[in-house]
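Residue numbers (the working numbering), protein chains in the order written: chain A, 1 to 49; chain B, 1 to 304.
I should point out that these hints are in silico values taken from the structure, not numbers from a laboratory. Owing to the predicted nature of the structure, the values given are computational and were not obtained by experimental measurement. Please note that a few of the clues may not be correct.
What the hints assert, rightly or not - Quick partial rundown of chain B residues pointing at chain A, CB under 10 angstroms, derived from the structure: (1) Glu193; (2) Lys216; (3) Pro235.
Unchecked claim - Computed list of chain B residues with no C-beta within reach of chain A, every gap over 10 angstroms: (4) Glu29; (5) Arg59; (6) Leu93; (7) Lys116; (8) Ala255; (9) Cys282; (10) Val294.
C-beta: ideal position from N, C-alpha, C; glycine also.
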Amino acid sequence: MSVVKLMNRLDLNRESVLFIRNGTLVPGDAMLDDTDEIEIRPVISGGAA
Amino acid sequence: MIDLRRHNANFCSEHFTKFCRDQDSRTIEEFDMLSPGDRVLVAVSGGKDSLALWDLLIRLGYEADGLVIGLGIGEYSQSSTGYAQRFAEARGLNLEYVDMEQRYGFDIPTGARAAKRAPCSACGMSKRHVFDEVTMAGDYDVLVTGHNLDDEAAVLFGNVMHWQTEYLGRQWPVLEAGSGFPKKAKPLIRLGEREMAAYCIVSGIDYVVEECPMSKGNKHLGYKEVLNEMELRQPGAKADFYLGFLRRAASVWRAEAQTGRSELGRCASCGAPAGGEICAFCRLVERATGAEPVTLGPTRVRSS
Numbered sequence: 001m002s003v004v005k006l007m008n009r010l011d012l013n014r015e016s017v018l019f020i021r022n023g024t025l026v027p028g029d030a031m032l033d034d035t036d037e038i039e040i041r042p043v044i045s046g047g048a049a
Numbered sequence: 001m002i003d004l005r006r007h008n009a010n011f012c013s014e015h016f017t018k019f020c021r022d023q024d025s026r027t028i029e030e031f032d033m034l035s036p037g038d039r040v041l042v043a044v045s046g047g048k049d050s051l052a053l054w055d056l057l058i059r060l061g062y063e064a065d066g067l068v069i070g071l072g073i074g075e076y077s078q079s080s081t082g083y084a085q086r087f088a089e090a091r092g093l094n095l096e097y098v099d100m101e102q103r104y105g106f107d108i109p110t111g112a113r114a115a116k117r118a119p120c121s122a123c124g125m126s127k128r129h130v131f132d133e134v135t136m137a138g139d140y141d142v143l144v145t146g147h148n149l150d151d152e153a154a155v156l157f158g159n160v161m162h163w164q165t166e167y168l169g170r171q172w173p174v175l176e177a178g179s180g181f182p183k184k185a186k187p188l189i190r191l192g193e194r195e196m197a198a199y200c201i202v203s204g205i206d207y208v209v210e211e212c213p214m215s216k217g218n219k220h221l222g223y224k225e226v227l228n229e230m231e232l233r234q235p236g237a238k239a240d241f242y243l244g245f246l247r248r249a250a251s252v253w254r255a256e257a258q259t260g261r262s263e264l265g266r267c268a269s270c271g272a273p274a275g276g277e278i279c280a281f282c283r284l285v286e287r288a289t290g291a292e293p294v295t296l297g298p299t300r301v302r303s304s
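For reference, chain A alone in the conformation it holds in the complex (with noise of 0.2 angstroms):
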């Protein structure tokens, strides 16, 4: 599966996070393993930082 996919499948919004594959970031068509450990980073802020 795709990391687009999964995103679609989990309903998320591609612009408001990152995706992070065994420690190491992916963009959106990057292919995902079962093995994969995959870490969903939100990257939206509430103010300035």
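Since chain A is already given, all that's left is putting chain B on it; use the hints.
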């Protein structure tokens, strides 16, 4: 490594960091934000945008110190400040620290309740006052903040939706020094939050990921959600909206904003620009000092 749909491109780490540096450099030059040799003060929070900004400025060769404010928002503030301190220590950078409670006698949760203001309103007003004060006292040439494309697009969206034209002039990414204010600039306006988070990850910058616990329900978060729904369907919509405003419409309100600033008097208590005899920050201090402290519950803070 990262896909930027509005640029119709995927980037590897090396070219992505170059892209971020180039966008930052271009913004600084286009809006005449900084000059070689300027002493720059970076408003730092421990979050992705301010730490990425500080890193970018140092790599572009600017002399930049940081300023972090202890807002007193429980564990969240302690954690955020820690990230800023570790970032500075690891790079041998100078980081100034101002604690709200120690210097002014109140923290943000207590101040917000005492003044009957929304927490983000009390926080923003307090931070602006402290940033200005430290910038002027330290003889810095310019104060820079980590406001990014998403932040500015959200503020613009709100101002336009409610036709708060008096605020539109303040959205120019550079405000020149004068009338008691230091020069201020926002070098990250071409870069979005997703890009700033990615920059931190590939550059090995640890930052606090968790949101401020007092920002829940913040209207700008709602605006960002709406804008990201549009961006999903029309990549580049946020940049077109905000950068288009700067190119085509901002000049209409800039003069009004400058006039507004020049008409302000000075606070009888602290000397900062003020609309009345006492500035809004000093009024907040009066109400908050001695008020019953607000105790926050435990906050779950996640690191990068």
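- [ ] Hint by hint, work out which the structure violates, then give me just those numbers in ascending order.
- [x] When the structure is compared with the hints, none of them turns out to be violated.
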